[in-house]
Amino acid sequence: MSDALLPLLIAIPLLAAIFPLLLGLRFDRAGWPVAMATSLIVAGLAGRLAWAVSPASSGPQQFVHDLAGYPAPYGIELVGDGLSAILVVLISVVAVAVLISARTTGPDSNAFYSGLLLLTGGLLGMALTGDLFNLFVFLEIVGLVSYALIASSDDGRAAYGALKYLFLGTTGASLYLIGVGYALVATGTLNMGDMATELAAVGYSDPLVQAAFGFMLIGFMLKIAIFPLHTWQPDAYTYAPDTVSAFISALVSTTAAYALIRIAYDVFTVEFFAANPLITDAVLLVASISIVVGSLLALLQTDLKRVFAYSSVAQFGMILAAIGLQSETALFGAIIHLVGHGLMKATLFMGAGVLSSAYGAQTVADYAGLAKRAPITSGMMAVAGLALVGIPPSVGTLGKWFIALGAVEEGSWGVAAVIFISTLLTLTYIGRLLEALYFTQPAATDDDTGVAGDADGGSIVADGGDTEGSTAGDGITAIATERIVVVVVLAISTVALFGAADPLAAMLDPVFGRFFQ
Amino acid sequence: MSSDPADNDTGGTITRQRPVYTESQVIMTTVKAVIPFVLTYGLFITFHGTGSPGGGFQGGALIASVVLMMAFAFGIESTREWLSNALVVGLGTVGVAIFAGIALVPMALGENFLEYTAYYPVLGDILGLKEYEFVKYGMEAVEIGGIALIVAGVLMGLFFALAAGVTPPNDTTPDTESAADTGAASNTNTMTGDIDTEGANK
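Chains as they are written, first to last, in the working numbering: chain A, 1 to 517; chain B, 1001 to 1202.
Just so you know, these hints were derived from the structure itself, not from any lab. Given the structure is predicted, the values throughout are model-derived calculations rather than measurements. Worth double-checking, as some hints may not be accurate.
In silico negatives: residues of chain B with every beta carbon more than 10 angstroms from chain A [what the hints assert, rightly or not]:
| id | residue |
| --- | --- |
| 1 | T1022 |
| 2 | T1030 |
| 3 | V1034 |
| 4 | L1039 |
| 5 | F1072 |
| 6 | E1081 |
| 7 | Y1116 |
| 8 | K1130 |
| 9 | L1162 |
| 10 | A1164 |
Straight-line alpha carbon distances no greater than 20 angstroms define the calculated SDA-like cross-link-like pairs of lysine to any residue that follow [what the hints assert, rightly or not]:
| id | chain 1 | residue 1 | chain 2 | residue 2 |
| --- | --- | --- | --- | --- |
| 11 | B | K1136 | A | G431 |
| 12 | B | K1136 | B | V1105 |
| 13 | B | K1136 | B | D1125 |
| 14 | B | K1136 | B | M1107 |
| 15 | B | K1136 | B | F1044 |
| 16 | B | K1032 | B | S1065 |
| 17 | B | K1136 | B | F1047 |
| 18 | B | K1136 | A | A68 |
| 19 | B | K1136 | A | P71 |
| 20 | B | K1136 | A | Y74 |
| 21 | B | K1136 | A | L67 |
| 22 | B | K1136 | A | G69 |
| 23 | B | K1032 | B | W1082 |
| 24 | B | K1136 | B | I1102 |
| 25 | B | K1032 | B | G1075 |
| 26 | B | K1032 | B | F1074 |
| 27 | B | K1130 | A | Y70 |
| 28 | B | K1136 | B | Y1120 |
| 29 | A | K372 | A | T481 |
| 30 | B | K1136 | A | D235 |
| 31 | A | K164 | A | E140 |
| 32 | A | K372 | A | V485 |
| 33 | B | K1136 | B | G1054 |
| 34 | A | K164 | A | D235 |
| 35 | B | K1130 | A | A68 |
| 36 | B | K1136 | A | G75 |
| 37 | B | K1130 | B | E1111 |
| 38 | B | K1032 | B | M1069 |
| 39 | B | K1032 | B | F1072 |
| 40 | B | K1136 | A | D66 |
Ideal placement from N, C-alpha and C gives every residue a C-beta, glycine not left out.
Just need the whole structure built from these sequences, with the hints factored in.
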């Protein structure tokens, strides 16, 4: 009964989210063990799902679970196929990684761990649902919990960032809901599979259908943070606690982009794009602008977390471009880039978290000479950064290569050129970081004020934890070893996934067969 | 708190105005007279909802409003102490557990998530219900045991959290533990999570 995995994957984290609160009445530190145990169970189930839908197992490569036993067009169904399984595995792996490093960094309250579990459950729900309205419900769960988690820092600016995200994120979800409403009026169904056939019957050039797609697209562009709808993202990522920015930057926009892929190709299908060249061109144009402007803005930032945040705007622009290209190659690249970007950003944000806990480094200038003092973390950040540029061998290479190849195959030379320019710009802003890390002598006075000025420096780093040799010097706050191990493992995974193109292609083959009949 | 919030005479600086509780015979008598009816109406709405107008959400909100009225009449702090933090947290979390339990047991019986008719072979004879009636009473159970409890608990928790206000993070609180909790509580008002951290301060 592999289809039973689907509701379990969503229900277990949501149910487990109550235990940190309930046990918190009696125990102060109940949150972390509960969250960790749940995440490991979820990771195990995710592995089983991935195995079950992969071609390596003999079973069917798509699972459907009808909630409450009501069949598809009437009831809500959960669907697991190769594409959603990849996302589910990514979500569960990043959740475990983030929790490992959260043990010592906090925010150490039981409510925080409840929130993290709710967020995991919501993301898994978005990845597994086969119903457009149900997707909205999970989108809202993810949104609300993200706002709360971002604000869980003591910093007042985090509350401001969360409020901004709340306004814009809720607007995005509402626009998506309006789109779903239009589609419901046009077709009378909410089930994704059923709507695909109904939309074909209504006709793709029907203004109602076009409006439905337009609203959904704009709603998701807000959630994914595509320029010019990205304004919530830099503040949210920068001022959130390090743990939260790693989790959210790696997963929240990623899952929204997955949902957009699902809607664009499974519900509206390539014929919709073929019938509406204007919409296709608009998607490509907006995506190209997002790539270039996001990279340029990243280049202009001084705060490192802000550099990474704007870099996400550019990277997701690339994924949106791949969605608009309607090429099998480009979409394959987009999915690889979704996974790769999630892992690379998790590495970079966690690495930045380690260095800011240890040395109070916030701006790129603060990173001057840190490679000598923290060689492992700096090295891994360099690996993930170069992967983000697309230097082979890395998962970043694969993603960009396939998207660019798809653009060339489709004759969209403009998009291919934009991707090339963005690679150079990415190299520039990652180069700034590398230059600071490896080739700049730390200015002693600057460094001291940087550490002393950060009042929270001592309180972030908590109990025990073995001191890593490289970070022990100069009376600097000790960092728990496991945080560095997580960064190393994630960085290595971004390199190791370079060899994963074939298994991923085999896994996505049945899905792409449906997308591009 | 660095300064007494109720003290309005600190010229120049703006202090947070905490509404001071005033005992009012009119309000207390009115609330005493009204709450039995509101509670009954809340339960009435809760217990309807599958086959008739009503529902767990609306009913839960009405039940929570009983506590809100008592807080206005008899003072927020004393109502909070009377109700106890554990009860508020318990309502929300146990509601989720009941809901999830009702949904997950059919899976253990080999049926789909939330499939109420899966209970029929097990409980049909004991309860003397027909198979189709399990759908109705299953929904009723989710509504009463799940949604009404969750909504009542969360609304009470949000009310008490908002009434307690936000302690500025730069505050010179003696122990860092409660400062961290306040930071979380003040910012997680969008979810149920604030209930316990909030109460931990008091």
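Evaluation of the provided hints:
At roughly 32 angstroms, the least C-beta separation between B/T1022 and chain A is larger than 10 angstroms, which holds for a residue marked as non-interface. B/T1030, annotated as away from the interface, keeps every beta carbon of chain A farther than 10 angstroms; the closest lies near 34 angstroms. Remark: the non-interface label on B/V1034 is consistent with the geometry, its nearest Cβ contact in chain A lying 31 angstroms away (cut-off 10 angstroms). Annotated as non-interface, B/L1039 keeps its C-beta farther than 10 angstroms from every C-beta of chain A; the closest such distance is 25 angstroms.
Look at B/F1072: its CB is around 26 angstroms from the nearest CB on chain A, clear of 10 angstroms, so calling it non-interface holds up. The non-interface label for B/E1081 is consistent with chain A: the shortest C-beta to C-beta separation is roughly 16 angstroms, beyond 10 angstroms. In this structure B/Y1116 is not separated from chain A by more than 10 angstroms, as the shortest Cβ-Cβ distance comes to only about 7 angstroms. Non-interface status of B/K1130 relative to chain A is upheld: no Cβ of that chain comes within 10 angstroms, the nearest being about 17 angstroms off.
Chain A leaves B/L1162 outside its interface by the beta-carbon criterion, the shortest separation being 15 angstroms against a cut-off of 10 angstroms. Every CB of chain A is more than 10 angstroms from the CB of B/A1164 (nearest about 14 angstroms), matching its label as outside the interface. For the suggested pair B/K1136 and A/G431, the alpha carbons sit about 64 angstroms apart, so the restraint of at most 20 angstroms is broken. Pair hint B/K1136 plus B/V1105 holds up; C-alpha atoms about 17 angstroms apart against a cutoff of 20 angstroms.
A hinted pair counts as satisfied when its Cα atoms are at most 20 angstroms apart, and B/K1136 with B/D1125 qualifies at roughly 17 angstroms. The hinted pair formed by B/K1136 and B/M1107 meets the criterion: a straight-line CA distance of about 19 angstroms does not exceed 20 angstroms. Restraint check for B/K1136 and B/F1044: satisfied, since their Cα atoms lie roughly 17 angstroms apart, inside the 20 angstroms limit. Among the hinted pairs, B/K1032 with B/S1065 is consistent with the structure: their alpha-carbon atoms are about 13 angstroms apart, no more than 20 angstroms.
Proposed proximity of B/K1136 and B/F1047 is supported: the alpha carbons are some 12 angstroms apart, at most 20 angstroms. Restraint check: the Cα-Cα separation between B/K1136 and A/A68 comes to about 13 angstroms, which is no more than 20 angstroms; the hinted pair holds. Restraint check: the Cα-Cα separation between B/K1136 and A/P71 comes to about 18 angstroms, which is no more than 20 angstroms; the hinted pair holds. Using a Cα cut-off of 20 angstroms, the hinted pair B/K1136 and A/Y74 holds, with the two alpha carbons roughly 18 angstroms apart.
A distance of roughly 16 angstroms separates the Cα atoms of B/K1136 and A/L67; the hinted pair therefore holds under the 20 angstroms criterion. Of the supplied pair hints, the one linking B/K1136 and A/G69 holds, its CA atoms being roughly 15 angstroms apart against a limit of 20 angstroms. At roughly 16 angstroms between alpha-carbon atoms, B/K1032 and B/W1082 fall within 20 angstroms of each other, so this suggested pair holds. Proximity of B/K1136 to B/I1102 is assessed by CA-CA distance (about 13 angstroms); at most 20 angstroms being required, the pair is judged to hold.
Simply put, B/K1032 and B/G1075 have alpha-carbon atoms about 14 angstroms apart, close enough for the 20 angstroms limit, and the pair holds. This hinted pair checks out: B/K1032 and B/F1074 have alpha carbons roughly 10 angstroms apart, not beyond 20 angstroms. A hinted pair counts as satisfied when its Cα atoms are at most 20 angstroms apart, and B/K1130 with A/Y70 qualifies at roughly 19 angstroms. Under the criterion of a C-alpha separation no larger than 20 angstroms, the hint pairing B/K1136 with B/Y1120 is consistent with the structure, at around 12 angstroms.
For the suggested pair A/K372 and A/T481, the alpha carbons sit about 18 angstroms apart, so the restraint of at most 20 angstroms is met. Restraint check for B/K1136 and A/D235: the C-alpha separation of about 48 angstroms exceeds 20 angstroms, so the hint is violated. Using a Cα cut-off of 20 angstroms, the hinted pair A/K164 and A/E140 holds, with the two alpha carbons roughly 16 angstroms apart. Straight-line distance between C-alpha atoms of A/K372 and A/V485 comes to about 18 angstroms, which keeps the hinted pair within the 20 angstroms bound.
Proximity of B/K1136 to B/G1054 is assessed by CA-CA distance (about 14 angstroms); at most 20 angstroms being required, the pair is judged to hold. For the hint linking A/K164 to A/D235, the alpha-carbon distance of about 8 angstroms falls within 20 angstroms, and the restraint holds. At most 20 angstroms may separate the alpha-carbon atoms for a hinted pair to count; B/K1130 and A/A68 meet this at roughly 18 angstroms. For the suggested pair B/K1136 and A/G75, the alpha carbons sit about 16 angstroms apart, so the restraint of at most 20 angstroms is met.
Of the supplied pair hints, the one linking B/K1130 and B/E1111 holds, its CA atoms being roughly 18 angstroms apart against a limit of 20 angstroms. Our distance criterion of 20 angstroms between C-alpha atoms is met by B/K1032 and B/M1069, whose separation comes to about 9 angstroms. Distance hint between B/K1032 and B/F1072 is fulfilled; the C-alpha atoms sit about 12 angstroms from each other, no more than 20 angstroms. Pair hint B/K1136 plus A/D66 holds up; C-alpha atoms about 19 angstroms apart against a cutoff of 20 angstroms.
In the structure shown, a violation is registered for the earlier hints numbered 7, 11, 30, in ascending order.
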